[in-house]
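K.L.:
Listed below are the residues making up each chain.
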Amino acid sequence: MKQWIAFWSILNKDIRTYYLKPPNMSWGIIFPLAWTLMFFIRSGGEVDLRTILPGVMAMAILFGTTSLLAVTITFEKKGRSFERLLLSPLSLEYLMLAKTGGAILFGTVNAFVPLIMAAFFIDMSTIAWLPLITGVVLTSIVSTFLGLFIAVAVAEVFEAQTFSNFFRFPMIFLCGLFFPIERLPVFLRPLSYILPLTYGGDVLQGAVNQSARMPFLLSFTVLIFFCAGLFLLSLCNIRAKWIV
Amino acid sequence: MDEKNIVAVEARDLAKQFGKVDAVKGATFSVLEGEIFGFLGPNGAGKTTIINMLTGLARPDKGQISYSGHDYTKNIKKAQHLMGIVPDESNLYPELTGFENLCFCASLYGIVKREREKRARELLDSFGLAQAANRKFGGYSRGMKRRLTIAAGVIHQPRILFLDEPTSGIDIANARQIRKLISSLKTSGTTVFLTTHYIEEAERLCDRIAFIVDGRVVRTEVTTDLLRDVQGQHIIELAVSEDLKRFPEGISEEFGDLAFDMPSSNTLRAIAESRFPLGPLVRFLEERNINITEARSIRPSLEDVFVQITGIESDRMKTEKERKDKQ
Numbered sequence: 001m002k003q004w005i006a007f008w009s010i011l012n013k014d015i016r017t018y019y020l021k022p023p024n025m026s027w028g029i030i031f032p033l034a035w036t037l038m039f040f041i042r043s044g045g046e047v048d049l050r051t052i053l054p055g056v057m058a059m060a061i062l063f064g065t066t067s068l069l070a071v072t073i074t075f076e077k078k079g080r081s082f083e084r085l086l087l088s089p090l091s092l093e094y095l096m097l098a099k100t101g102g103a104i105l106f107g108t109v110n111a112f113v114p115l116i117m118a119a120f121f122i123d124m125s126t127i128a129w130l131p132l133i134t135g136v137v138l139t140s141i142v143s144t145f146l147g148l149f150i151a152v153a154v155a156e157v158f159e160a161q162t163f164s165n166f167f168r169f170p171m172i173f174l175c176g177l178f179f180p181i182e183r184l185p186v187f188l189r190p191l192s193y194i195l196p197l198t199y200g201g202d203v204l205q206g207a208v209n210q211s212a213r214m215p216f217l218l219s220f221t222v223l224i225f226f227c228a229g230l231f232l233l234s235l236c237n238i239r240a241k242w243i244v
Numbered sequence: 001m002d003e004k005n006i007v008a009v010e011a012r013d014l015a016k017q018f019g020k021v022d023a024v025k026g027a028t029f030s031v032l033e034g035e036i037f038g039f040l041g042p043n044g045a046g047k048t049t050i051i052n053m054l055t056g057l058a059r060p061d062k063g064q065i066s067y068s069g070h071d072y073t074k075n076i077k078k079a080q081h082l083m084g085i086v087p088d089e090s091n092l093y094p095e096l097t098g099f100e101n102l103c104f105c106a107s108l109y110g111i112v113k114r115e116r117e118k119r120a121r122e123l124l125d126s127f128g129l130a131q132a133a134n135r136k137f138g139g140y141s142r143g144m145k146r147r148l149t150i151a152a153g154v155i156h157q158p159r160i161l162f163l164d165e166p167t168s169g170i171d172i173a174n175a176r177q178i179r180k181l182i183s184s185l186k187t188s189g190t191t192v193f194l195t196t197h198y199i200e201e202a203e204r205l206c207d208r209i210a211f212i213v214d215g216r217v218v219r220t221e222v223t224t225d226l227l228r229d230v231q232g233q234h235i236i237e238l239a240v241s242e243d244l245k246r247f248p249e250g251i252s253e254e255f256g257d258l259a260f261d262m263p264s265s266n267t268l269r270a271i272a273e274s275r276f277p278l279g280p281l282v283r284f285l286e287e288r289n290i291n292i293t294e295a296r297s298i299r300p301s302l303e304d305v306f307v308q309i310t311g312i313e314s315d316r317m318k319t320e321k322e323r324k325d326k327q
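These protein sequence lines map, in sequence, to chains S and W. Residue 14 in our numbering sits at position 14 of the first sequence; the count goes up by one each step and never skips. Residue 11 in our numbering sits at position 11 of the second sequence; the count goes up by one each step and never skips.
No wet-lab data here; the hints were simulated from the structure. All residues carry an ideal CB built from backbone N, CA and C; glycine is no exception. Each hint should be verified, as a subset may be incorrect.
Unchecked claim - Residues from chain W shown here face chain S by an in silico Cβ test under 8 Å; the list is partial:
#1 Q80
#2 E95
#3 L108
#4 V112
#5 G143
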């Protein structure tokens, strides 16, 4: 069986039917704009775009990937079309990589929308591109797999959104992108270090503003562990919950 | 079993429990290559659970599943390329066209683009959907959806096709067309595993039938052999003007050679091994103020066999079916 044919076909279908749909594409534009505007108003017009750029990029990835993946998988599961995929001879690992591939690409593209917008206002020559791209891709993967974990845990589409927020909002406030970890209450600080966005956001801070708290290599390693852990956990949950 | 008969699927002692409920309690049966095998039973009998175990959507707690003599119990995934599955509800993508849906389903089995497009066109043509090929699946009628779902189940040319309630909830014309398609699949050599609530459908289509009740296969037989058991019977159905709450008093004693059945409150059936005079029975009923409005001879059917074997009135199956359709 040529598994790559099935893999590509699922990925291609998802990109066409979900990620290239105008309402979903608008996530990539409206979301970063709204966040930037929020900071602009809050700072009374004194906002430093360079400072908030890593945060906006990370948010665009996190919200774009988790929302869309959790919803599309729950939607397909509810409509039973996901059953068709489970009944195909494609291995579960390949199948879930194909299903998440579109969201990873979507998250990556989403992250570059604020960057392109910022290019009109800030000097990009100091940006460390290799760590930035690696950080964006790894953050997209880890956020997508978090979306997958959420999708497997819920049964209804609305539950997917509610459950996503249970992870997303604490992450925004604890990851150090908008509120420095050092300024968080002592008892909350350990929590920051068990959130994948802390490491993804730190890489983006380091690449854009040269102000990373941790070495890139450490953040990349932790992100890879999070990716593998969330993916394997999701596969176990699928086997336990959907193949009863 | 005939020596030339090759077993396509074999289930041995399959059991499945959901919580404290025993959904399947040791089901054993085999499906022969090239036949249409019917699985007949009321709702909740365990039909869908058995299909799910055979196709890989559920893990059996106990038992063995073999395809073409190979044991796949522990890894059904490896046998999934052999099977096509058509569930009781269409599970294609509403946002894709009929053609795109078929091509997508073929790609899941590793079929290259040119070949899958060729097969999709052929199937759309033979399933009478060529005109709707470029329309979104979401806009199809129920019958068209059903036909396309069956086409999607056979696009990779599976050795065995699982059909779960293929004609449930669709109009007569579409149901007839689907039955014709199922028969033509058999002609082309595909083994068909069919579950249905419709006894007449099973009688018309299936080479062999298994009756399943409360998670157990109670009998598996060649359809013609099952019918032979009841073919010698003579049944007269009497429509009566009164609503009968029970059998008229003394009827069994008066007509000791006849057996009686009451399919509905104003229908009475008299069953005998040979022809019998109707006059005494009519008089007996009229003396008890039960007027007969119609009398007709009934051909014994698989329904009678089903009732005989399972003890379940076919009305219960119909009622459950109607309830399921409404849901």
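K.L.:
So, E95 of chain W near chain S? Judge it on the closest CB pair being under 8 Å.
P.N.:
Nearest chain S Cβ about 5 Å off; hint holds.
K.L.:
Less than 8 Å between beta-carbons is the criterion; does G143 of chain W satisfy it with respect to chain S?
P.N.:
violated (19 Å)
K.L.:
Is the shortest C-beta separation between Q80 of chain W and chain S less than 8 Å?
P.N.:
At 4 Å from the nearest chain S Cβ, Q80 of chain W passes the 8 Å test, so the hint holds.
K.L.:
Quick check on the hint: V112 of chain W CB to chain S CB, less than 8 Å?
P.N.:
Holds - the Cβ of V112 of chain W comes within 8 Å of chain S, reaching about 7 Å at its closest.
K.L.:
Against chain S, run the beta carbon of L108 of chain W and see if the smallest gap drops under 8 Å.
P.N.:
At 4 Å from the nearest chain S Cβ, L108 of chain W passes the 8 Å test, so the hint holds.
Comparing the model with each earlier hint shows a violation of hint 5 alone; every other hint is respected.
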